[in-house]
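Asks: One letter stands for each residue in the lines below.
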Amino acid sequence: MSLVTHGLINRAIQSFLRDTYGAAVWRQVVQEAGLGFDSFEPMLVYSRAQTASVIDAAGRILDRPTDTLLEDLGTALVSGPSAGSVRRLMRFGGVTFVDFLCSLEELRGRGRMAVPELDLPELELDEAGPQVYRLTCRSAMPGAAHVLMGLLRAMADDYGALVVLEYAGLREDGETILIHLLDANYAIARQFDLAAPGA
Amino acid sequence: MMDGAAMDLPLMVNPPEMERLMPMHLAINSEGVIISHGPTLGKVLGRNSLIGMDVFAVVCFRRPGGIMTMADLTQRRGQRLQLHKVGSPDDVLRGLAVQMADGGLLLNLSFGIDVIEGTRRHGLTDADFAATDLTVELMYVVEAKSAVTTELRQLNVRLQGAKVVAEEQAMTDMLTGLRNRRAADMTLAALCEAGAKFSLMHMDLDYFKAVNDTLGHAAGDHVLKVVAQILEAEIRTSDTAARVGGDEFVVIMPGLVDTRGLYRIAKRIIERITEPTEFEGATCKVSASIGITRSTIYDAPLAEQMLADADTALYASKHAGRAQARLFANAPDAWDQAQV
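Protein sequence lines correspond, in order, to chains A and B.
In terms of the numbering used here, the first sequence has 149 at position 149, counting the first letter as 1, and numbering is strictly consecutive.
In terms of the numbering used here, the second sequence has 350 at position 151, counting the first letter as 1, and numbering is strictly consecutive.
Calculated directly from the structure, the hints in this document are not laboratory data.
On a predicted model such as this, the values are computed, not experimentally measured, just so you know.
C-beta atoms are modelled at their ideal positions from N, C-alpha and C, and glycine is treated no differently.
A portion of the hints provided could be inaccurate.
Said to hold, decoys possible - Incomplete in silico selection of chain A near chain B, CB under 8 Å:
(1) Val30
(2) Tyr46
(3) Leu89
(4) Val115
(5) Ala196
Claimed, not checked - Coverage of chain B stretches by chain A, computed from C-beta distances (three or more under 8 Å per stretch; other residues unrestricted):
(6) 322 to 333
(7) 343 to 351
Input sequences plus hints: build the corresponding full structure.
Replies: Below, the structure is given as structure tokens:
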């Protein structure tokens, strides 16, 4: 597990905080976290401690638990104003929400294929029962499972699936999330064209 | 039954299974009539069903050349084929034909390098590709890499901007905003190198130390800024004014070697610097001494030599009682004694 966080992740946190809470809050976070610069470069790497300071500082300034903050970050990755490419890249995972869940085991490899230094969580999917999936998340970044919860919720919406997510806590092999798939075709899935428009 | 017998039996696959395995296949009988095809190929060729149609009415074989009949196509089986939809030469496909047990041909087709354009044009989704087909992964990589490239390009733009600022700062004296020694040296070296006609003015403030000592460094800094403003105002935009030391300045004036012009400028600079300035209620009084040399008095001007000569002329000005300018001349008796 690496001791650095890729700038893409830091930049995503920055964009989320800035888009959601405004530039003034971001400036406060920068100050409180003692970054010494006002913006993360998405293509550089940073020490993991800096990422942790930013999240802690944001929690203190906004007076919110970091878990819910990270969950909102996960949702914003897919559906926030700075999203777009993440949502599309996730949708390449499969035609249905279940296909998508299965593709999460490849997430780390897919990330590496695009950016070799990108250290995404290692994910494992098991069927825990009828229409219940258990996702195990191993990551260098504490709280990664909460980001994943938010992301799964937003992706379920994207696929038009109705799900209930349950954070099942930290086990020896990682953090676990239970996904109850109530209805795979609850709503109409958002349009996904393989070939990006205008790409 | 002999052991190898099972291997001789032809493979039998029902069309619906074939459609799933090869969504872009085309099966034709020995007459060239289409008997089965994949649903994706139907979309690409713009028809729900191609069954019963003559293959040559649907696609046009481009390479290898000269495939006009079933006999030609049969002869080319096993080779890479390039073809396009009849009437639509931009819809290029690649393919391979193999012979079936009944004498017909089975063609499997795919998009070549134009896969992204083809996917867009025909509105294909991941369901249109076989589960084993890596097209979707390819498109994923292309999209992920282009997102990364976009980020890198933006990073380059930001770094370029930072570089311009850093270079500007590396050439600037931060206190006065004039150029610094590095910039002056570079300008001087470039002019010498180019064999250009120019003059070099070396200026030193008189009584500056007294201002610093009696009124403090803030007053000294104020004086330096005022001097910088005077220099900027009195020289042309093509000239370079630099602070090269504590209270030492250099002015490089390309194209200006006329003695009278040089004295006029030096005189104005000294007059203005000699005017007392106010700083937080205190009056700061300094003046300036100047030494000048011109590139035209040398066979091959050298930056180091010119700086030394301008310094000699400056020293002469100081020695002669300050607040004046001297022009360096190679022969000591030719020294111009003009004073301000």
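Asks: Are three or more residues of the stretch 322 to 333 of chain B within 8 Å, CB to CB, of chain A?
Replies: Holds, because 5 residues of the stretch 322 to 333 of chain B bring their Cβ atoms closer than 8 Å to Cβ atoms of chain A.
Asks: Classify the hint on Ala196/A as holds or violated, based on whether any CB of chain B lies nearer than 8 Å to its CB.
Replies: holds (6 Å)
Asks: Does the stretch 343 to 351 of chain B contain three or more residues whose Cβ lies closer than 8 Å to a Cβ of chain A?
Replies: Per the Cβ count (7), the hint holds.
Asks: Min Cβ distance, Tyr46/A to chain B: is it shorter than 8 Å?
Replies: Violated. Min distance 14 Å.
Asks: Does Leu89/A pass the interface hint, meaning its C-beta sits closer than 8 Å to a C-beta of chain B?
Replies: holds (6 Å)
Asks: Should the hint that Val30/A touches chain B count as held when the rule is a Cβ pair under 8 Å?
Replies: At about 17 Å, which exceeds the 8 Å cut-off, the nearest Cβ of chain B leaves the hint on Val30/A violated.
Asks: Grab the minimum C-beta distance from Val115/A to chain B and call the hint holds if it beats 8 Å, violated otherwise.
Replies: For Val115/A, the interface hint holds, since the closest Cβ of chain B sits about 6 Å away, which is under 8 Å.
Violated hints for the displayed structure, listed by number in ascending order: 1, 2.
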